[in-house]
Amino acid sequence: MAILNKTSRKAIADPLMRNNPIGIQVLGICSALAVTVRVDQAVIMTAAVVFVLTMSNSIVSLIRSFIPNRTRIIIQLSIIAGLVTFIDMVLQAYMYDMSKQLTVFVALIITNCIVMGRAEAFAMQNSPGKSFLDGLGNGIGYGGILIMVSFFRELLGSGTLYGYQIIPLWLYDKGYENLGLMVLSPGAFIVLGLIVWLQLQFTKQEEK
Amino acid sequence: MRSNNYVLIFTSIVTIILGFLLSMAFSKLELITEQNIAVDMKKNILRALDIRENEGEVWTNETVQSLYDNYIRTSILDRQGQEVKGVDLDIINPEIDTTFFPLFTKIIDNKIEGYAIPVIGRGLWSTLYGYLALEPDAITVKGIQFYKHKETPGLGGEVEKDWFTSNFIGKKVVDNNGRLISIQVVKGKVDESSSESYHQVDGISGATMTSKGVNSFLKEDLSKYEPFFKRIRKKEKESVTWQS
Chain A
63 MAILNKTSRK
73 AIADPLMRNN
83 PIGIQVLGIC
93 SALAVTVRVD
103 QAVIMTAAVV
113 FVLTMSNSIV
123 SLIRSFIPNR
133 TRIIIQLSII
143 AGLVTFIDMV
153 LQAYMYDMSK
163 QLTVFVALII
173 TNCIVMGRAE
183 AFAMQNSPGK
193 SFLDGLGNGI
203 GYGGILIMVS
213 FFRELLGSGT
223 LYGYQIIPLW
233 LYDKGYENLG
243 LMVLSPGAFI
253 VLGLIVWLQL
263 QFTKQEEK
Chain B
2 MRSNNYVLIF
12 TSIVTIILGF
22 LLSMAFSKLE
32 LITEQNIAVD
42 MKKNILRALD
52 IRENEGEVWT
62 NETVQSLYDN
72 YIRTSILDRQ
82 GQEVKGVDLD
92 IINPEIDTTF
102 FPLFTKIIDN
112 KIEGYAIPVI
122 GRGLWSTLYG
132 YLALEPDAIT
142 VKGIQFYKHK
152 ETPGLGGEVE
162 KDWFTSNFIG
172 KKVVDNNGRL
182 ISIQVVKGKV
192 DESSSESYHQ
202 VDGISGATMT
212 SKGVNSFLKE
222 DLSKYEPFFK
232 RIRKKEKESV
242 TWQS
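Residue numbers (our numbering), protein chains in the order written: chain A, 63 to 270; chain B, 2 to 245.
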């Protein structure tokens, strides 16, 4: 990655592992529990969050020197809300069924702490390029966990992946049953908890 | 520290630009979204009338349209349950209209297979929109579908799930004396041994208010069509006695 200097690399790589928004900072848990029943939902949600995060970070960073300090939170929030409303409209026009399945959780990206947190903590101090990378890193860091959780939930809960049957049907005839718990929210808590634990173990070892 | 004027002007400019961009995007996408919503309504009429996708099959907008055109006949009823000609379906808003009521009849090979009516009413947070379908006897429920609501996902939002809607199938909307009694969503599970179970369905735990709402608007909407359905029931009875 010679094109990126050290700080840019840190901006994109850090949130993927060492400072993951879900795994380490425990932000954005609500949507991580809600839209991880199936992989296709998690993928669309990830795409939406990556779009909103990169765009909001870049825009906030671009106009950061003009934003008056007293109303900065409101300005950030209106930019984020505008982007989220836009992506919600696009989903309704081109992926209507998906937007119905995601229900309110697309609109709730507005209140996702990751988006607002990155705008306030990173984009207000850094150049647009770096802020873009930071947004990308955080978006993928968030989405990676989402897709991982949904992978286990869909496989164990419905026996499918991305809508395709994975567990062979003859296994059901022999008495195999889908784990109903995985489809419900407690399943997400358990899977997410295990992932956070694994990640903590991993990062601890790295620090030593 | 920047002056108050600067803050005011800057904030207004940001708001105006955002509002302008969003309304542009909206006007571009509005038409496609409206089409999607129209197709989704038709899909739910079809589903309520038990025309549904096979497992893993996805209907395109064109498939829905052609199925709808082939099997569904739309008609407009007045308050006495008589069919009215020359009223456009699009101008009727079933949510508030009290003079004209749309009716969707499933017809396959010239044989009536069921009737669907719109059911609309308040839940806890929002208005629920759906379709209730009856068998040709106008007594037994053929199916029910909810396609639009803003109830809490996982609680009231469960109304659109198959486990809830499939409970309605086979239940009766009139009692032994032929009086409209509608469908009742109970708290918890239906007691199958009770004499009332013929018109009761399992409730959603944690969604008492949504269930209450469903109970009241189902009855209200069914009673709007009662003059029409009463006639159907009478006709059915006569044809049965005549045959025997």
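One or more of the hints may lead you astray.
Interface residues of chain A toward chain B, partial, derived using beta-carbon atoms under 7 Å [as the list claims (entries may be wrong)]: (1) Ser127; (2) Arg132; (3) Ile137; (4) Ser140; (5) Phe148; (6) Tyr158; (7) Pro230; (8) Leu231; (9) Gly242.
Hints listed in this document are in silico derivations from the structure and should not be mistaken for laboratory results.
A virtual CB, placed ideally from N, CA and C, is assigned to each residue, including glycine.
Going down the list of hints, with the structure as the test:
{"no.": "1", "hint": "Ser127", "verdict": "violated (11 Å)"}
{"no.": "2", "hint": "Arg132", "verdict": "holds (6 Å)"}
{"no.": "3", "hint": "Ile137", "verdict": "holds (6 Å)"}
{"no.": "4", "hint": "Ser140", "verdict": "holds (6 Å)"}
{"no.": "5", "hint": "Phe148", "verdict": "holds (6 Å)"}
{"no.": "6", "hint": "Tyr158", "verdict": "holds (4 Å)"}
{"no.": "7", "hint": "Pro230", "verdict": "violated (15 Å)"}
{"no.": "8", "hint": "Leu231", "verdict": "violated (11 Å)"}
{"no.": "9", "hint": "Gly242", "verdict": "violated (11 Å)"}
Going down the numbered hints, you'll see the structure goes against 1, 7, 8, 9, while the others check out.
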